[in-house]
Amino acid sequence: MDKILETLKGLWTDSGFYLFFVGDGWKSLVMIAVACVLLYLGIKKKFEPLLLVGIAFGCLLTNLPGAGLYHMELWDEFLNESSPYFHSYGRILREGGLIDILYIGVKAGVYPSLIFIGVGAMTDFGPLIANPKSFFLGAAAQFGVFFAFFGAVLLGFTGPAAAAIGIIGGADGPTSILTATLLAPALLGPIAIAAYSYMALIPMIQPPIMRLLTTEKERAVKMEQLREVSKTEKIVFPIVVAAFVILLLPSTAPLIGCLMFGNLLRETGVTERLSDVAQNALMNIVTLFLGISVGATTVASRFLTIETLKIVALGLIAFCFSTIGGLLVGKLMYKLSGGKINPLIGAAGVSAVPMAARVAQVEGQKANPSNFLLMHAMGPNVAGVIGSAIAAGFLIKVFGA
Amino acid sequence: MAIKMNVGEALIDAVMGYAIVFLGIALLVLVVALVGKAMTAKAAKPLHAAPAPAPAPVQEPPKPTAPGAAGDLKLYDTPDRDAAMIMAIVADELKIPINELRFISIREVHRK
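Those protein sequences? They're chains A and B, same order as listed. Residue 8 in our numbering sits at position 8 of the first sequence; the count goes up by one each step and never skips. Residue 85 in our numbering sits at position 85 of the second sequence; the count goes up by one each step and never skips.
Because the hints were derived from the structure by calculation, they are not lab data. Fair warning: there could be bad hints in the mix.
Said to hold, decoys possible - With beta-carbon atoms standing in for the labels, derived distance ranges:
| hint | chain 1 | residue 1 | chain 2 | residue 2 | range |
| --- | --- | --- | --- | --- | --- |
| 1 | B | Glu100 | A | Pro250 | 39 to 49 Å |
| 2 | B | Asn99 | A | Gly16 | 45 to 55 Å |
| 3 | A | Trp26 | B | Glu9 | 36 to 46 Å |
| 4 | A | His87 | B | Pro97 | 14 to 24 Å |
| 5 | B | Ala41 | A | Pro250 | 30 to 40 Å |
| 6 | A | Thr268 | B | Ile89 | 36 to 46 Å |
| 7 | A | Asp24 | B | Gly8 | 34 to 44 Å |
| 8 | B | Asn99 | A | Gln225 | 15 to 25 Å |
| 9 | A | Thr305 | B | Ala88 | 48 to 58 Å |
| 10 | B | Ile89 | A | Asp14 | 54 to 64 Å |
| 11 | B | Ala41 | A | Val110 | 36 to 46 Å |
| 12 | A | Ile306 | B | Val15 | 27 to 37 Å |
For every residue, glycine included, the Cβ atom is placed at its ideal position computed from N, Cα and C.
Here chain B stands alone, though its shape is the one from the complex (with noise of 0.2 Å):
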């Protein structure tokens, strides 16, 4: 035969386990950080070492626009063809009709 749980005892229990939910999270938010933290500090090394740093890239000037974008898409190094094909596609992908969806910009990824 189970038995009935005390009252007091119960809230205890609730109290508690809801502070360890707590805690377990906040140590696993400061983990995650610090790995992060020593993630991109590692990769923004080599950036600082190098002897004699590349000239910063140009900050592309705004780009206006696209071309009947409902909002404001911007392109980059994309052409509008492609740029139709590629929201058709996400929309299609996502069963989401396309007016539904906001596009912020597109770029092309060049690889090295």
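Chain A with its partners taken away, still in its complex shape (with noise of 0.2 Å):
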């Protein structure tokens, strides 16, 4: 008999509903609660599922004490210059779980790179091609990343931790992993869900700021048609600029080399099938692992911080002052051009593709119904992107050392 109820008792203490109940475990529970909510957002509402999802089911299985799938512990002692296990691959693989084992690809700066290989096999960068003075609306857009970054400073945080917080203002979800890995490991979590969350919900946060900013009679200007791009200049444009920036910004290489390698593959012709892998097979398999390994760091003791809320507040002023960067440098080209530049355009800058490109598009319809502006919209959404880069190499080079 007492075999018996020993044995059960073994069991009762080793599982998981036991652990609830011993020291934080109740900070489990809320953050299972988080995870809920999380798959609620990506599933019901449709807020960018494709990560979501898979950063709440990885939030949803960190949390479940005992489960072992992720070992916070083991990547504290890989990151700790004075542990004997610094830097050490080979622990993680022999002692960790399978989204340790994924992890590596985060950690390793893996899976955004490749991501990015997908983005660019599907951007087409026509539009910016024909109007490059798009491009400045595109860097007008990264003021939130810089605005958030001293704003972060000033809330306290040190100068990776705040870089990393800032470039969520870059509406680039890729960028924003890359930039936390590499900068601030222990607020990944945190930092790429707000930057997901607030992606999906631009069609929120930016029309009260563009109605805001913009008179009627500037929403309601027409835009001249776009030149058209000869095939030759789609194809020497991811040369160039891959080329250009990175001998710029060494910095940038791993993003604008995978986007613009992407790009190429989609614009040369000849290499169909590989960037149809890119497009679809690699980009899903990516996030697939993606999104599962990022929402397993949000482990509960490190999420259920004062620090999370402060990034959360972070990200939306991030993403509020980006808009409103390229909203006035869109007014100002409005100015130049003597009323010929719609500065919707400007807030499409921020590089969520295509969201904030149809944003714009919406609110220019609703102020003239024959005002068609995704295409014109397309130019500095794609420059965004690159700004984006452009600011998280900056920030890494300032930062990363």
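With the hints as a guide, bring both chains together as one complex.
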């Protein structure tokens, strides 16, 4: 009888249910609730579901006590310079769980770069080539990055952490993940969740700011049709941009190099199979691994802190100020062009492609039903991807040492 | 232990970072514009160099709006039936209702 009771007791004390009531176990329950909210937002509200569902499920798995799929302590030692296991992938492979092994792809910066190959393969840079002035709107919309960076320093974050938080304003998930991995790995979970949540909320965040900063007359401006871009120009573009930007700022190499490689696959016309794989199979597989492993970093003891709330607030500020930056330079271009440029396309300079361009289209059409800004807004939109990669490259260079 | 950053230093980094993004983009605009100019000039060159240039294509008279089109869709060498099919396919591919799309013109491309 004692043997049976002892066995049952052992089973109970080993179970995750028991661990919920030991020490800080209740925090895991809170995180499971957070995971369920994220799953609801991803599935029901369709907030960036391809990534948010994976992140939410990773969050759920990592906070089930005793599951042992992700071991934060292994990664703490991996990052600790005084530990014998500093940068020891061997130990992770030997002692880690499934998600620890998948997380190596995040840690090594492989997943964000592979995603950028897919993004490049899906992006048509034609509108940007046709109107290179759009590049400036993509640069202007990085205002939120540096504003939030400064705000984060004021709130007491260290330089590298502030830089990783600021890049949320670039509205570019893979760039945020790569920057956070390199500069502030402990903040990766909240930063990724904030970045993807706000990207999904762009149709709610941007329109009030757009209407506040532009007049009805400005929003109603119809832009001239873009010139036709030749096939050769489209092929030369990724080669020139990759070479030029990487030479200028070598730390952008993983992002810009992969983005432009993907785009070259798309445009050459002789690598259709590779382009197809990059756009579909590769993108989907990497998104799957990225989502679940980033979600797994949201361990209760690290996530349920005041810092997370600060990151969520700073992320929103970053998005708003990026939109403001784009719109203000859009207004400047409107004045300089004698009213030929619709300033709304400036808001599309935040890189969330193609969501931000669609918002510009919708707002433009509200002011003038015959207005079609989508292609014009795609220029700044894809320029924003390059702009945020340059901003990230700068921050990695300054704070990565 | 990570060191907190000086506010003044952070401000300088923020301003400098934003300036670097603009500078990098400005240089990129210059490069892309130059490459674009070189490409378009190269593409235009054979036309100017031709000893006896072919007579300029006669400007087609403005086409009447396609019957039943909502807006000002113009068809060039495209039968109504094909145009309707193209528009339906585009709407289906984009997953956007056809009445929310605007087609300006449809032209058949003749391969040389």
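Hint check:
no., hint, result
1, Glu100/B x Pro250/A: 39 to 49 Å, "45 Å, holds"
2, Asn99/B x Gly16/A: 45 to 55 Å, "53 Å, holds"
3, Trp26/A x Glu9/B: 36 to 46 Å, "40 Å, holds"
4, His87/A x Pro97/B: 14 to 24 Å, "54 Å, violated"
5, Ala41/B x Pro250/A: 30 to 40 Å, "32 Å, holds"
6, Thr268/A x Ile89/B: 36 to 46 Å, "25 Å, violated"
7, Asp24/A x Gly8/B: 34 to 44 Å, "39 Å, holds"
8, Asn99/B x Gln225/A: 15 to 25 Å, "22 Å, holds"
9, Thr305/A x Ala88/B: 48 to 58 Å, "54 Å, holds"
10, Ile89/B x Asp14/A: 54 to 64 Å, "59 Å, holds"
11, Ala41/B x Val110/A: 36 to 46 Å, "41 Å, holds"
12, Ile306/A x Val15/B: 27 to 37 Å, "28 Å, holds"
The structure does not agree with the numbered hints 4, 6 stated previously, though it agrees with the rest.
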